[in-house]
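Based on the hints, put chain R in the right spot on chain P.
Chains as they are written, first to last, in the working numbering: chain P, 1 to 428; chain R, 1001 to 1148.
The hints are simulated quantities; they were obtained by calculation from the structure and are not laboratory data. A few of these clues could be false.
[To be verified] In silico DSS-like pairs for lysine-lysine, Cα to Cα no more than 30 Å straight-line:
| id | chain 1 | residue 1 | chain 2 | residue 2 |
| --- | --- | --- | --- | --- |
| 1 | P | K241 | P | K265 |
| 2 | P | K215 | P | K161 |
| 3 | R | K1147 | P | K103 |
| 4 | P | K420 | R | K1118 |
| 5 | P | K218 | P | K258 |
| 6 | R | K1129 | P | K103 |
| 7 | R | K1104 | P | K420 |
| 8 | P | K265 | P | K215 |
| 9 | R | K1072 | P | K104 |
| 10 | R | K1104 | P | K390 |
| 11 | P | K241 | P | K222 |
| 12 | P | K392 | R | K1072 |
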Amino acid sequence: MTKIMNNNRRDFIKVSGALAGASAIAGCANITSSASAGPKVVIVGGGYGGATAAKYIKMWAPNVDVTVVERNTSFVSCPISNLVLGGSQTMAAITMSYDTLQKKYGVKVVRGEASAIDTDKKVVRLASGDALPYDRVILSPGVDLMYEALPGLNNADAQAKYLHAWKAGSQTLALRKQLEDMPDGGVFAISIPEAPYRCPPGPYERACQVADYFKKTKPKSKVLILDANMDVTSKPGLFKKAWAEMYAGMVEYRPQSKLLDVDTKTSTAKLEFGDEKVNVLNALPPMKAGAIANPFITANKRWCEINWLTYEAKNVPGVHLLGDALQIAPLMPKSAHMANNHGKTCAAAVVALLAGEDVNDSPTLNNTCYSFVSAEKVVHVASIHKYDTKDKTMRTVPGSGGISSSANELEAAYAMTWAKNIWADTLA
Amino acid sequence: MNTNTRYLRHVLSSAAVLFCVNVSIAIAQAPATPAASAAPPAAKPAQTAPAASVAPVAPPAPTFAPSNLTPKGVRSMAATCSACHGTNGVSVGGSLAGLAGLNKDYFVLQMKNFKEGKRDATLMHQIAKGYNEAEINAMADFFATQKR
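Chain R with its partners taken away, still in its complex shape:
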């Protein structure tokens, strides 16, 4: 890294701090673009678009932590389902399926079908793609053991 680049970065990061609010206006519509790979990690993506600003767009490849498939890790992951499907998969609503007590193989197959577009869906095909095979298997085990 030459001195000029370093100086430029310094200026840019100061400007980002000073003008963050304005920057957020300008990028409100843009998908969140993480800083270029050479940028120092301290340079936080200043203001990012609200999630819903556009349909989620694939950003440059993220570096995700490996899945946490310990019992507590799976419990937390399964809890991401419960806002729609009820705490521990026990649904109190009418039209969204409860997941508690579902047969493991059935759960895994449905998630696979959602992912592959083989089961009609309004939304679950988009959600299913957020979880990998090992995670789906682990959540299937979790919900199979929950009481309805």
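Here chain P stands alone, though its shape is the one from the complex:
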């Protein structure tokens, strides 16, 4: 192991080559050996941010040796996952493999859990005991759910019953099953934490999808939205219109209704003002940057501040961060689309830094979030962000961006094409 810590590049290539051979998924052995002469980038997290960064680094600098550490065997998309709850899409439709990233681009994907970033020795330590040396490390860990804020749910048994389904996967299917098992006339409640949280419009879209399902199969049932925020945090007019016009009498929206705890014995949501006994409770706890990013959390003990030109942590140069774990810039959502854009901007910066070139001093990001207010109709919010040299942050371009004029079917087709293109842009 001492050789890993040796700064002589040739030495540590030998060792890392052995490591890669041991842990890389079959099929990329040839690419591994031909690419191993280049500098090493290790990316923790293969979601929208990390996978995009990996692909774009290899596309723009094929000599760079890129390894992604990912805990899941496949990529499951959070966007469109609410449609699985609503019943108009399947898990298969939102589940993709990392094969193309490996075979077409030569990205190594290591299935595992990163346990620590050793910034002195420049290695990513894995729970398996392996260590991956890096020249640059990119963390795209997404969010962790702060169950400590909901004492009744702060144990595995309670969490298995009161689901978040805020990371698409087995919980998505499990929540769908709870909805299917719920009797007609029952109450589904979703609790929304104070902003910022992953995917601002997501909870409201989910409420629509559950209502759409109830309307078709269990029309006496109710959807209760318990929002800790003062108002709907995304596209408020459009969502409220959908609830009033499409789900009248079914959806009840309650602002300033923070979930304080859950009584799991009686299935009761404990609120600041009164309690609600419900049939299915989808509790979304407050969120923070994923645990591997803990040493780089500098904002509110929850989020990581970065340099918006290099995507390096404010407190530790050489460590790059992106996606939902970031302390957002003004009006920037924690979204898949934004993480994909972070991934490309970070990729360009890392490629430039490894080559000893200047980083782009004028990056642009954009964002589009489509939300399905039913199986057929969609609303969007869009924004364009550019680098502000005075504030050293990303600011929206005045006069640009906006929302749908009304819920419409045309954008449902666009939303599905958006999904296919961003999946390909991220993974293929």
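Chain R alone, transformed into the frame defined by chain P:
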């Protein structure tokens, strides 16, 4: 700046650090308002509203960096299109146009039409307004040379 103002700022910035989480609740609905121009640059806009909290509202004029129209700058800018329109403009979806191989003049004209409301759009009129003429020209050159 007098001493009182300085002290007040100190108190405010300490309070901002201590109560950031609560502040974020209070401003969750407000468009992000950058600190007053006199505020020290160190005073970060604490928590800002999620982008989508309201339709994007024009904040006080930003000081944007000049457009980076070098080949790598343009490549990065064009990559902002690809989440919807496919990597390097090669769309794999059905209903959103691929941009790879588009005639340069056509691309420029369509973006101009989107901006001016001359072409019907659900969303592109809002996106087109985020890019200036020089940027649109440069991206048109980029996509014209991409293989479909």
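Checklist entry - Is the hinted pair R/K1104 and P/K390 satisfied, with a Cα-Cα distance of at most 30 Å? => result violated, 34 Å
Checklist entry - Holds or violated: P/K241 with P/K265, Cα cutoff 30 Å? => result violated, 36 Å
Checklist entry - Keeping to a limit of 30 Å between CA atoms, is the pair of P/K392 and R/K1072 held or broken? => result holds, 21 Å
Next on the checklist: Against the 30 Å threshold, does the CA-CA distance of R/K1147 and P/K103 hold or violate the hint?
Outcome noted: Measuring from Cα to Cα gives roughly 21 Å; hence the hint holds.
Item to check | Pairwise hint evaluation, P/K215 against P/K265, where the allowed Cα distance is 30 Å at most | outcome: holds, 29 Å
Next on the checklist: Against the 30 Å threshold, does the CA-CA distance of R/K1104 and P/K420 hold or violate the hint?
Outcome noted: Cα-Cα ~26 Å, so holds.
Next on the checklist: Checking one constraint from the list: CA of P/K420 to CA of R/K1118, max 30 Å. Satisfied?
Outcome noted: Holds - the C-alpha atoms of R/K1118 and P/K420 are around 28 Å apart, at most 30 Å.
Checklist entry - Are P/K215 and P/K161 close enough, with their CA atoms no more than 30 Å apart? => result holds, 24 Å
Item to check | Satisfaction of hint between P/K103 and R/K1129, Cα-Cα up to 30 Å | outcome: Given that 30 Å is the threshold and the Cα spacing comes to 38 Å, the pair is violated.
Checklist entry - Does P/K258 lie within 30 Å of P/K218 when you go C-alpha to C-alpha? => result holds, 27 Å
Next on the checklist: Against the 30 Å threshold, does the CA-CA distance of R/K1072 and P/K104 hold or violate the hint?
Outcome noted: Measuring from Cα to Cα gives roughly 22 Å; hence the hint holds.
Checklist entry - Are P/K241 and P/K222 close enough, with their CA atoms no more than 30 Å apart? => result holds, 17 Å
This entry does not satisfy hints 1, 6, 10, going by the numbered hints stated previously.
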